[in-house]
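Engineer: Using the sequences and the hints, build the whole thing.
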Amino acid sequence: MNAIGRLYRRYGHLFTAALCVALIAAPVVVSADDKMAPLSPLYRQECGSCHVPFPPSLLSAEDWRKVMGDLAHHYGDDASLSPQTAQELTDFLVQHAGDARRTQGAGDPPRITQTRWFQKEHDEVPAAAWRDPRVKSPANCGACHKRAEEGSYREREIDIPGYGPYKD
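Numbered by the working numbering, the letters in the sequence shown go through residues 3 to 170 in order.
Hints listed in this document are in silico derivations from the structure and should not be mistaken for laboratory results.
Careful, some of the hints might be misleading.
[As the list claims (entries may be wrong)] In silico lysine to aspartate or glutamate, EDC-like type, Cα no more than 16 Å apart, as pairs:
no., residue 1, residue 2
1, K169, D110
2, K68, D93
3, K148, E159
4, K169, D125
5, K169, E151
6, K138, E157
7, K169, E126
8, K122, E157
9, K138, E152
10, K148, D161
11, K169, E152
12, K68, D110
13, K138, D110
Structural biologist: So, in structure tokens, the structure goes:
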């Protein structure tokens with residue numbers, strides 16, 4: 003028997019116990035849906051009054067700075083805020099922004115719906131679903147994600163108008 007075998011025979015129970023403790027104490031890997039940062043009340047109030055308060059992790063810090071830097075021309079609307087409120091929201095969004103893997107391809111102006119991640123996650127959605135009057139746009143998350151207002155985008159909570167609940 004080699005040295006490793008002898009060590010395992012002698013201390014294997016300790017190794018097994020340590021491994022179990024490490025696995026229990028390790029951060030649980032969850033789906034992307036469960037990684038969304040809690041939304042600040044100010045963000046829910048200000049941004050959520052016009053549209054679903056999108057999870058900050060869906061754009062990069064630089065993209066959030068661009069979005070927040072020209073609120074007078076916010077995707078065709080004037081969403082101007084006081085400088086203090088705009089700065090507080092920008093700080094929140096930048097702090098919880100996503101990484102390049104998720105946010106790549108957002109475009110200019112940045113659009114969550116143009117990111118590679120969004121495109122990949124929604125590639126099974128029939129093109130006609132986006133044109134449904136109850137959906138209108140890929141940016142209308144709440145049309146299919148029934149708990150989007152709460153920040154939940156779990157697949158088991160998806161119901162695409164005209165197509166029914168999501169099934170994998």
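Engineer: Measure nothing beyond the straight line between the CA atoms of K122 and E157; if it is 16 Å or shorter, mark the hint as holding.
Structural biologist: At roughly 14 Å apart (the allowed maximum being 16 Å), E157 and K122 satisfy the hint.
Engineer: Mind checking the alpha carbons of K68 and D93 for me, to see if they're no more than 16 Å apart?
Structural biologist: With Cα atoms ~13 Å apart, K68 and D93 stay inside 16 Å; holds.
Engineer: Holds or violated: K68 with D110, Cα cutoff 16 Å?
Structural biologist: holds (9 Å)
Engineer: Given the hinted pair K138 and E157, is their Cα-Cα distance within 16 Å?
Structural biologist: Violated. K138 to E157 sits at ~20 Å, over the 16 Å cutoff.
Engineer: So if I understand the rule, the pair passes when the alpha-carbon distance is 16 Å or less; does K148 with D161 pass?
Structural biologist: holds (7 Å)
Engineer: Can you confirm whether the C-alpha distance between K169 and E152 stays at or below 16 Å?
Structural biologist: violated (22 Å)
Engineer: Does E152 lie within 16 Å of K138 when you go C-alpha to C-alpha?
Structural biologist: Violated, at roughly 21 Å.
Engineer: Can you confirm whether the C-alpha distance between K169 and E126 stays at or below 16 Å?
Structural biologist: Status holds; Cα separation ~11 Å.
Engineer: Going straight from one Cα to the other, do K169 and E151 come out at no more than 16 Å?
Structural biologist: Not OK: K169 and E151 at ~22 Å, beyond 16 Å, violated.
Engineer: Check whether the Cα positions of K138 and D110 lie no farther apart than 16 Å.
Structural biologist: violated (21 Å)
Engineer: Is K148 close enough to E159, meaning Cα to Cα at most 16 Å?
Structural biologist: Roughly 6 Å separates the two Cα atoms, so the pair holds.
Engineer: Given the hint that K169 pairs with D110, does the C-alpha gap stay at or below 16 Å?
Structural biologist: violated (33 Å)
Hint compliance for this structure: hints 1, 5, 6, 9, 11, 13 are broken, all remaining hints hold.
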